[in-house]
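A.B. asks: As you go down the protein sequences, you meet chains A and B in turn. Using the numbering used here, the first residue of the first sequence is number 1, and each one after it goes up by one. Using the numbering used here, the first residue of the second sequence is number 1, and each one after it goes up by one.
What the hints contain is simulated information worked out from the structure, not anything from laboratory work. Hints may be right or wrong, so weigh each one.
[What the hints assert, rightly or not] Derived, one-sided and incomplete: chain B residues facing chain A with beta-carbon distance under 7 Å:
1. Leu43
2. Tyr48
3. Arg50
4. Gly59
5. Phe65
6. Tyr101
7. Thr102
8. Ile103
9. Glu104
10. Pro109
Fair warning: this is a prediction, and the values are worked out from it, not measured in the lab. A virtual CB, placed ideally from N, CA and C, is assigned to each residue, including glycine.
Chain by chain, the residues:
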Amino acid sequence: AQRVTQPEKLLSVFKGAPVELKCNYSYSGSPELFWYVQYSRQRLQLLLRHISRESIKGFTADLNKGETSFHLKKPFAQEEDSAMYYCALSTFNNAGNMLTFGGGTRLMVKP
Amino acid sequence: DARVTQTPRHKVTEMGQEVTMRCQPILGHNTVFWYRQTMMQGLELLAYFRNRAPLDDSGMPKDRFSAEMPDATLATLKIQPSEPRDSAVYFCASGPEAGGYTIEQFFGPGTRLTVL
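Could you put the whole structure together from the sequences, leaning on the hints where they help?
C.D. replies: As structure tokens, then:
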């Protein structure tokens, strides 16, 4: 069965410090991974997807199939990056296509 | 700017009462998802609809939870009877599907449920 693991429930860094939010997955098929973000008092929204290979708000994430990881990185954290981050794996089964989310990591960027 | 809407935003009820949560997906999206968010479990998928047909509700406690889509503009999630352990934030999401693949899920603001 598919699974997404985010080992850190809380990550606290100072402004300007590098940040890495870890995500590991297990899936027998070809993985497609996403990062979703939920800012305070806002709805969950897509941050980036691995197939786009894009940088959004300074964040990047590289799919490493050998390590089954999709860590989210930013070289210099900003206070406005404080939010809840969810890693998600897109999977297919008899029911169709759906997302399996990790447990989430709360990022706190201190001034 | 089309958005998924959910009502009510907050609900406090007593154990044993029926709770109905509503979701209006974005017009044109043919997939709808219900999730439950808790501190301990994160985001759990409860139910999944495509073209109003339920495809997967394996994540939902069948004895007390039910999910329906009476029409393309309304999805409902009911809990009867509610229990304190059901206290959580319930999210609805919708997405356009192409070739059996949901390109992106757009989330509603959630319903924060407290069962006393």
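A.B. asks: Compare the structure with each hint and give your call.
C.D. replies: Here's how the hints hold up against the structure:
1. Hint status for Leu43/B: holds, given a least beta-carbon distance of 4 Å to chain A, under 7 Å.
2. Below 7 Å, beta-carbon pairs count as interface contacts, and Tyr48/B has one with chain A at about 6 Å; its hint therefore holds.
3. Checking Arg50/B against chain A: minimum C-beta separation of about 6 Å stays under 7 Å; hint holds.
4. Contact between Gly59/B and chain A, as hinted, is not supported at the beta carbon level, the nearest pair being about 10 Å apart and thus beyond 7 Å.
5. With a cut of 7 Å, the hint placing Phe65/B at the interface with chain A is violated, because the nearest CB-to-CB distance is about 17 Å.
6. Annotation: Tyr101/B was flagged as interfacial toward chain A, and the flag holds, the nearest CB pair being 5 Å apart, inside 7 Å.
7. Contact between Thr102/B and chain A, as hinted, is supported at the beta carbon level, the nearest pair being about 5 Å apart and thus within 7 Å.
8. Using the Cβ-Cβ criterion of 7 Å, the hint placing Ile103/B at the interface with chain A is not satisfied: the shortest such distance is roughly 9 Å.
9. For Glu104/B, the suggested interface contact is upheld, since its CB lies about 5 Å from the closest CB of chain A, less than 7 Å.
10. Checking Pro109/B against chain A: minimum C-beta separation of about 5 Å stays under 7 Å; hint holds.
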